[in-house]
Amino acid sequence: MTKVSMTIDGVRYDDDVEPRMLLVHYLREVAGRTGTPVGCDTTNCGACTVLLDGMSVKSCSVLAVQADGAEITTIQGLADGELHPLQRAFHEEHALQCGYCTPGMIMAAADLLRDNPHPTEQEVREGLEGNLCRCTGYQNIVRAVLRAAGPAGAAGQASTASEGAAS
Amino acid sequence: MTVTTEIGRARTRKEDARLITGQTTWTDNITLPGLLQVAFLRSPQAHARIRSVDVSAARGAPGVIAAFSGADFAAEQGSLPCAWPVTPDIVMPAHPPMATDEVRYVGEIVACVVARDRYAAADALEFIDVDYEPLPPVLDMEAALADGAPKVHEQGNKSYEWVFANGDLDAAFRDAPVVVERTYRQQRLIPCAMEPRAVVCAPVGDEFTMWSATQIPHVLRVMLAVVTGVPEQNIRVIAPDVGGGFGSKLQVTAEEVLALLIARKLGRPVKWTESRSEGNTAVHHGRDQIQRIKVAADRDGRLRGLSVDLLADMGAYLMLVTPGVPLLGAFMFNAIYKMDAYSFKCTGVFTTKTPTDAYRGAGRPEATFAIEHAMDDLAAELGMDPLELRRRNWIAHAEFPYTTISGLTYDSGNYEAATARAVELFGYDDLRKEQEARRASGDKVQLGIGISTYTEMCGLAPSRLLGQLAYAAGGWEHASVRMLPTGKVEVVTGSSAHGQGHETAWSQIVADQLGVPFEDIRVLHGDTQVSPKGMDTYGSRSLAVGGIALYGACQKVIEKAKAIAAGLLEVSPEDLEWTPGRWQVRGDPDKGKTIGEIAFATFAAHDLPEGVEPSLDCDATYDPDTFSFPHGTHLCAVEVDTETGQVKIRSYVAVDDVGTVVNPLIVDGQVHGGLAQGIAQALYEEAAYDADGNLLTTTLADYLLPSAADLPTFVTDRTQTPATSNPLGVKGVGEAGTIASTPAVVDAVIDALRPLGVTDVQMPCTPQRVWRAIKEAKR
Numbered sequence: 001m002t003k004v005s006m007t008i009d010g011v012r013y014d015d016d017v018e019p020r021m022l023l024v025h026y027l028r029e030v031a032g033r034t035g036t037p038v039g040c041d042t043t044n045c046g047a048c049t050v051l052l053d054g055m056s057v058k059s060c061s062v063l064a065v066q067a068d069g070a071e072i073t074t075i076q077g078l079a080d081g082e083l084h085p086l087q088r089a090f091h092e093e094h095a096l097q098c099g100y101c102t103p104g105m106i107m108a109a110a111d112l113l114r115d116n117p118h119p120t121e122q123e124v125r126e127g128l129e130g131n132l133c134r135c136t137g138y139q140n141i142v143r144a145v146l147r148a149a150g151p152a153g154a155a156g157q158a159s160t161a162s163e164g165a166a167s
Numbered sequence: 001m002t003v004t005t006e007i008g009r010a011r012t013r014k015e016d017a018r019l020i021t022g023q024t025t026w027t028d029n030i031t032l033p034g035l036l037q038v039a040f041l042r043s044p045q046a047h048a049r050i051r052s053v054d055v056s057a058a059r060g061a062p063g064v065i066a067a068f069s070g071a072d073f074a075a076e077q078g079s080l081p082c083a084w085p086v087t088p089d090i091v092m093p094a095h096p097p098m099a100t101d102e103v104r105y106v107g108e109i110v111a112c113v114v115a116r117d118r119y120a121a122a123d124a125l126e127f128i129d130v131d132y133e134p135l136p137p138v139l140d141m142e143a144a145l146a147d148g149a150p151k152v153h154e155q156g157n158k159s160y161e162w163v164f165a166n167g168d169l170d171a172a173f174r175d176a177p178v179v180v181e182r183t184y185r186q187q188r189l190i191p192c193a194m195e196p197r198a199v200v201c202a203p204v205g206d207e208f209t210m211w212s213a214t215q216i217p218h219v220l221r222v223m224l225a226v227v228t229g230v231p232e233q234n235i236r237v238i239a240p241d242v243g244g245g246f247g248s249k250l251q252v253t254a255e256e257v258l259a260l261l262i263a264r265k266l267g268r269p270v271k272w273t274e275s276r277s278e279g280n281t282a283v284h285h286g287r288d289q290i291q292r293i294k295v296a297a298d299r300d301g302r303l304r305g306l307s308v309d310l311l312a313d314m315g316a317y318l319m320l321v322t323p324g325v326p327l328l329g330a331f332m333f334n335a336i337y338k339m340d341a342y343s344f345k346c347t348g349v350f351t352t353k354t355p356t357d358a359y360r361g362a363g364r365p366e367a368t369f370a371i372e373h374a375m376d377d378l379a380a381e382l383g384m385d386p387l388e389l390r391r392r393n394w395i396a397h398a399e400f401p402y403t404t405i406s407g408l409t410y411d412s413g414n415y416e417a418a419t420a421r422a423v424e425l426f427g428y429d430d431l432r433k434e435q436e437a438r439r440a441s442g443d444k445v446q447l448g449i450g451i452s453t454y455t456e457m458c459g460l461a462p463s464r465l466l467g468q469l470a471y472a473a474g475g476w477e478h479a480s481v482r483m484l485p486t487g488k489v490e491v492v493t494g495s496s497a498h499g500q501g502h503e504t505a506w507s508q509i510v511a512d513q514l515g516v517p518f519e520d521i522r523v524l525h526g527d528t529q530v531s532p533k534g535m536d537t538y539g540s541r542s543l544a545v546g547g548i549a550l551y552g553a554c555q556k557v558i559e560k561a562k563a564i565a566a567g568l569l570e571v572s573p574e575d576l577e578w579t580p581g582r583w584q585v586r587g588d589p590d591k592g593k594t595i596g597e598i599a600f601a602t603f604a605a606h607d608l609p610e611g612v613e614p615s616l617d618c619d620a621t622y623d624p625d626t627f628s629f630p631h632g633t634h635l636c637a638v639e640v641d642t643e644t645g646q647v648k649i650r651s652y653v654a655v656d657d658v659g660t661v662v663n664p665l666i667v668d669g670q671v672h673g674g675l676a677q678g679i680a681q682a683l684y685e686e687a688a689y690d691a692d693g694n695l696l697t698t699t700l701a702d703y704l705l706p707s708a709a710d711l712p713t714f715v716t717d718r719t720q721t722p723a724t725s726n727p728l729g730v731k732g733v734g735e736a737g738t739i740a741s742t743p744a745v746v747d748a749v750i751d752a753l754r755p756l757g758v759t760d761v762q763m764p765c766t767p768q769r770v771w772r773a774i775k776e777a778k779r
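In the order they appear, the protein sequences are chains A and L. Note that the numbering used here has the first sequence beginning at 1, numbered continuously upward. Note that the numbering used here has the second sequence beginning at 1, numbered continuously upward.
Do not rely on the hints blindly, as some may be mistaken.
[What the hints assert, rightly or not] To give a feel for the contact side, a few chain L residues facing chain A, derived at Cβ under 10 Å:
1. Ala10
2. Thr12
3. Arg18
4. Pro33
5. Gln187
6. Thr273
7. Ser277
8. Gly499
9. Lys648
10. Gly669
11. Ala688
12. Asp690
13. Asn694
14. Thr698
15. Asp702
I should point out that these hints are in silico values taken from the structure, not numbers from a laboratory. Keep in mind that this is a model prediction, so the values were computed, not measured. Note that CB positions come from ideal geometry on N, CA and C, so glycine has one too.
Full structure from sequences and hints, please.
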């Protein structure tokens, strides 16, 4: 067993884990943060995407011990009192159906927008290539990410995105 | 009177709140005190006799509580159920949840370990020793039916032969000026819901609670009782948040039955969670048919007759509805077209592959692909525009209701309107001109146009018809409306959502009927203790069947409220009129009682009229008279690089007619997702096996689900021709996109390449296959 310490969604966790334990299993089964699901075992689907020190990682391809000392943000820690603009945009654009890919999709999109705050549609499509969805055909996911980004040159616009656009 | 302020409104979804914040209850999230983890050992052999299974070493492995082989369950495990014996003489071999004597596909369960955690359970599988005596795999349907072929089952490789015929086919083909005869292949697909399957079973005494990632908690409960002998009233099944199904969770699985048996043996709660690579071999697959199609037509394109001869791969065993899936297509090959004669034959064939069963569309995508593809081949033969050929043969709007050659009566439809709208949005004529120009200039990138003027039958299903087709259960659905004392409403539905948005759409229906605010309604589903009656969710049935049950329950509530309101207002019930949310005295609108006031008065029950029970709650069960028939016109333009074989979808227009739309956001979402899956069959996905019967596409690195970068932005629109078969005019939309899109894409690819001599490309139309088709055509 190896000692690990990490901050998950603002809370510090200290545990002894097997060196082979995957970060996603640590999150789900040791820390009880079950908002991050597992969709595959070959790093293809991206459902388990979280932010590790601000950068998106597929938590099925990181060992818990590799995250020692890191700050992890999961879908459960994204909202800060109110919904994150991406969460709100996913809701307003109907960018989820079963919702299983949603945590990973939103976390990957958060990293995409950090890297490229005002992507084109094609950049969103390519930026989310590592996250699979079986329900939506991606159309509304792409729209949601573009909506959360807001128009270029209008940073902060996303947080005031109008409520009525969906109706 | 019904005033609709909610139906048709693009409400954002109630269920999103938990899904976008990670506050979900996927089955794998469930923890219980002392919960043990199960891991299954699966056969690495496609076909083998089991000489012995030794689990003793696994029993001693660290963290292991128990290990079992098939012999440990032989006396109690029964046979997994098949509810659709399509013919009286169908061969329906025993299907033990854990193999005992023989394995018949890679992935079949042969043993299990129960341990304190999933890592220990997975480790201990390595200690199980199975001695297999290999038997010859049976992988090709045509070879499987040949004399002397190795047998999958003692009884042979043919499960059944099912036939249907109407009209004089010989006359239709005799002297027919044009006959097109083709063989198409529906490749095998893997449903790949994003949530892998999972099951938790907790025993308390002789009672069992099962959480399962299932589409069918009610059917599962019945079947668990039948298979295991546990009395039905002692089983509670919960489908918590379920991450997609697409038919793959319309199943009673070996893992569910074994979870109950293991929990019973140990007297302790157990969990099993599938890995994706495990699931790709063990979740039932879809499609997999060889379709021999013959079409006879006149020179002017008028269809005379259609003959369909299918081989349908059952895989190694018959699962819940395996044999019936291809037969759901039997009534759809004639699609929207008029003809004089039709014959259909389907032969169900056993192979040593993963069993097949329902996958989004279930039988109708296969049929739609074949007929639409054949129409394009016929148009090419006639030198006619494929859209014009369709126009000459489809059922005209004025001809509805219309009884088709396969015997179904379509209640409604307007193929002209949907096609006109699609053609306009697509820019059909301009694209044809561009295609001509590219052909003329010999452009290395050729343009192709594909057309799908589809219909489908959904809203499964009229119980009477299911009975005629030898299906073991009915097709009704149930709903309850509970009026709470504070005027709020609890709705219980027997359909079981796993992404469809019932909590939102059902609230919209009830809000309109009862005149209560959308926000005041809560929808409950997916737990047999909360929703004791139901037939669950599949076959685009939730709205067209479950939604109508809910409508019926609302009408009953309104009627019940009338008598109580009359008593409270001291008037005769005949003097009352219903305005949404309120019974009021006719001619004196100030005098009335809201449904909330009536609910509270019923709760208090102080002065109810004589003989009136103190409850407004109502149940309704609805059994449809007929199927519903969504339709539409999909147009796809592809660019094919003739040097590399690369296909790029340039534009895709889908105009669907799903009748009354309750929530356009949800309908558009269903269409988008359906298109993605149909396009995936056309271009990307295939469950491939090697010559030994090993599945090669066990991971998502090998089985290619499209990503956002692989798909275009779809143009969607609707025409609305309400169904006349139900009071809401709804038809269902869950499968339409998948059914429609596959032929539109494939035919676009072939259309691009016809001048090069290409007449067919086997799905999925990968660059290699397209490139090879071009090379072979040049030869």
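Now the hints, each set against the structure:
no., hint, in the structure
1, Ala10, "4 Å, holds"
2, Thr12, "5 Å, holds"
3, Arg18, "8 Å, holds"
4, Pro33, "14 Å, violated"
5, Gln187, "18 Å, violated"
6, Thr273, "8 Å, holds"
7, Ser277, "6 Å, holds"
8, Gly499, "3 Å, holds"
9, Lys648, "13 Å, violated"
10, Gly669, "5 Å, holds"
11, Ala688, "16 Å, violated"
12, Asp690, "19 Å, violated"
13, Asn694, "17 Å, violated"
14, Thr698, "9 Å, holds"
15, Asp702, "9 Å, holds"
Checked against the numbered hints listed earlier, the structure breaks hints 4, 5, 9, 11, 12, 13; every other hint is satisfied.
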